[in-house]
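Protein sequences appear in the order of chains A and B. Mapping of the first sequence onto the numbering used here: residues -1 to 351, in sequence order. Mapping of the second sequence onto the numbering used here: residues -1 to 351, in sequence order.
Treat the hints with caution; some may be incorrect.
Copies of the same chain look alike in the list, so a pair counts if it fits in one copy or across any two.
Said to hold, decoys possible - Taking lysine-lysine pairs in the DSSO-like style, the calculated list, with each CA pair at most 27 Å apart, reads:
id, residue 1, residue 2
1, LYS309, LYS277
2, LYS186, LYS107
3, LYS30, LYS148
4, LYS186, LYS17
5, LYS257, LYS186
6, LYS124, LYS258
In case anyone wonders, no lab produced these hints; they're calculated from the structure. Because the structure is a prediction, the values reported are computed rather than measured.
Protein chains: 2
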Amino acid sequence: MIKEFGLEKIDESLLNRIKEYTKDLHPMLTRKIFFAHRDLKWLFDEYDKGNKFFIYTGCGPSGPIHIGHILVWYFTKWLQDKFDVDVYFQFTDDEKFMYKNLSYDEIQKWLNENLLDVIAVGFNPKRTHFIIDTKHAGLLYPKAIKVAKKITFSTIKSSFGFNDSTNIGSIFFTSMQTVPSFLPSVLKKKNIPCLIPHAVDQDPHFRLTRDILPKLGYYKPASIQCSFLPPLTGNEGKMSSSEAVKGILTTDTPQEIKKKINKYAFSGGQATLEEHRKKGGNPDVDVPFQYLKFLFEESDEKLNQLEQDYKSGKLLTGELKKYAIEKITEFMLEHQKRRESAKQKIPDFLLKC
Amino acid sequence: MIKEFGLEKIDESLLNRIKEYTKDLHPMLTRKIFFAHRDLKWLFDEYDKGNKFFIYTGCGPSGPIHIGHILVWYFTKWLQDKFDVDVYFQFTDDEKFMYKNLSYDEIQKWLNENLLDVIAVGFNPKRTHFIIDTKHAGLLYPKAIKVAKKITFSTIKSSFGFNDSTNIGSIFFTSMQTVPSFLPSVLKKKNIPCLIPHAVDQDPHFRLTRDILPKLGYYKPASIQCSFLPPLTGNEGKMSSSEAVKGILTTDTPQEIKKKINKYAFSGGQATLEEHRKKGGNPDVDVPFQYLKFLFEESDEKLNQLEQDYKSGKLLTGELKKYAIEKITEFMLEHQKRRESAKQKIPDFLLKC
């Protein structure tokens, strides 16, 4: 994937450099959940010169938020705290309306739900600026047309799988997605480096962004990519929020989490207790283990212990699931507590324009 | 053209119906400059029921305003006054930026110039609402995406001559052009009929608008179409503002008007004085005569006299040109006087949102 997309691996020397700024390393870095990047070294060189970057990430509101979404956001919050930088957070409600078979009102309903989850992550309201495409269109559209003028249909049709039956809004949309990567530079009237943390499937959008920005006089944005969180059923690929049963949602009750893990989570354990004790389990394909590794087990020591015990057959599938349910539930109850009080905070987060 | 575009001719019975509302008929109607329509009868039926229409027209700011532009606007003002209706006037600065090889700043310069000409026409500031696409994008874009979702690339590529090399902003733009035709219905929360006066070359945009609006729950807009004003050189086709020498501009001095008519205006007269006296001239191809007929000679009696005298050879080319120069100059000096004081009036005309 690194070769195919032209990414660079995050190696030990880069991890060490990050550690110089952050003192400790986030588990998603040491565990290689965030495994690749573009131009991070350049970004830090600029940072050293006093040219602080900002972070751009986002959310396409078309359904409930699952743990695949929030893992990027929790990592983004960590970056914000460690580097003390602004986060521009884009809600692409226009994109989801035009791409999906959902009404405008349904998308707005999901937008209002998703806003709460982003706030619940704990971003710094003084340094975090929400951009909602339909609400900030007055700010975005005049800049998006400058992007659009530089992109032909033939440039994007293969990247996004478009053809003549694609609606003209979906065709235009990538222009709107490009704007936040240079908007702070416009607003502050100086060229500010941009860092985009994202799951690796979003890469086509941001490769295009990197092509366009220099043509408009801005830096190419740097980026940092994470792998997909496996779906509950353990198949390869991305967890889809439209197939709720496959994923754990931020609004799930403890009972739902327990049921989903126990009933659906793919296990790397053996078919019988005897066989498991003898051969051991495979943590690499075991979904409860992977969830602990991606997001819910902060202690490396504990994670290593679980891995060894599972491999050796000492830890049973049921025991591993039970532990994962506890950790996920604990995490979600905290998230949900912050989510409860998020509604009144929305105005503090909206980008002023 | 009527057959090809599926338009209806404005016949005597329709002219009589218009006269019932307006008391007199505008010369552009009696002279068949505005010669075709769609759904005017339906529009008047709704008007009779108390469901007053609004007018939507516009300007694409990419150069100076010539007399081909203002003839539509002066007719529109007449309609506004006679029917006492709102005019929504769209400035498609986004379109011109994306279609033309001009910078954003150049387009904004032309926008600011063109605004003055529209105000100089004399629209009622209480009933006229300017929509500037880049400035009102916050209002337009969330509605444009509802249009865009219903239009595929294949639907519009032939209408607009698009191909894979077309930029994605131009592809999207027709969605923005569609919004003003239902915006008042959105703002006033009821379905209001729309009338679009336009030169016949804009028809593809508005045919599309007619297809889309019922899908969004609004009436198909009615329309009224005028012919092209011939260019100075008398060739068939539309006068282009980028070829200034071919057209008379609203900012031309009396000297420039005189020079343009005397030097460039195609004459329907004969090659020699003797021949002209004998055979007479042809007013149908004579540009000064056509300009008088389209816009500058308000008296039908005077126009008929000129036509007869020119045909008979009594009126010479030089004499006809001299008269046209006088009439055009007189008209333009008045227009320019109103244009002078227009700048301070811009805020009164901008749609509040």
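Comparing the hints with the structure gives:
1. Within a single copy, LYS309 and LYS277 get their C-alpha atoms as close as 8 Å, which meets the 27 Å cut-off; across copies the closest is 108 Å, which misses it.
2. Taking CA atoms no more than 27 Å apart as the test, LYS186 paired with LYS107 passes between copies only; the shortest distance there is 24 Å, against 33 Å inside one copy.
3. With identical chains, the CA atoms of LYS30 and LYS148 are never at most 27 Å apart, being 36 Å at best within one copy and 43 Å at best between copies.
4. Neither within a single protomer nor between protomers do LYS186 and LYS17 lie at most 27 Å apart by alpha-carbon distance, with minima of 29 Å and 58 Å respectively.
5. Taking CA atoms no more than 27 Å apart as the test, LYS257 paired with LYS186 passes in neither setting, with 50 Å inside one copy and 50 Å between copies.
6. In the homo-oligomer, the alpha carbons of LYS124 and LYS258 never lie at most 27 Å apart, since the shortest distance is 37 Å inside one protomer and 62 Å across protomers.
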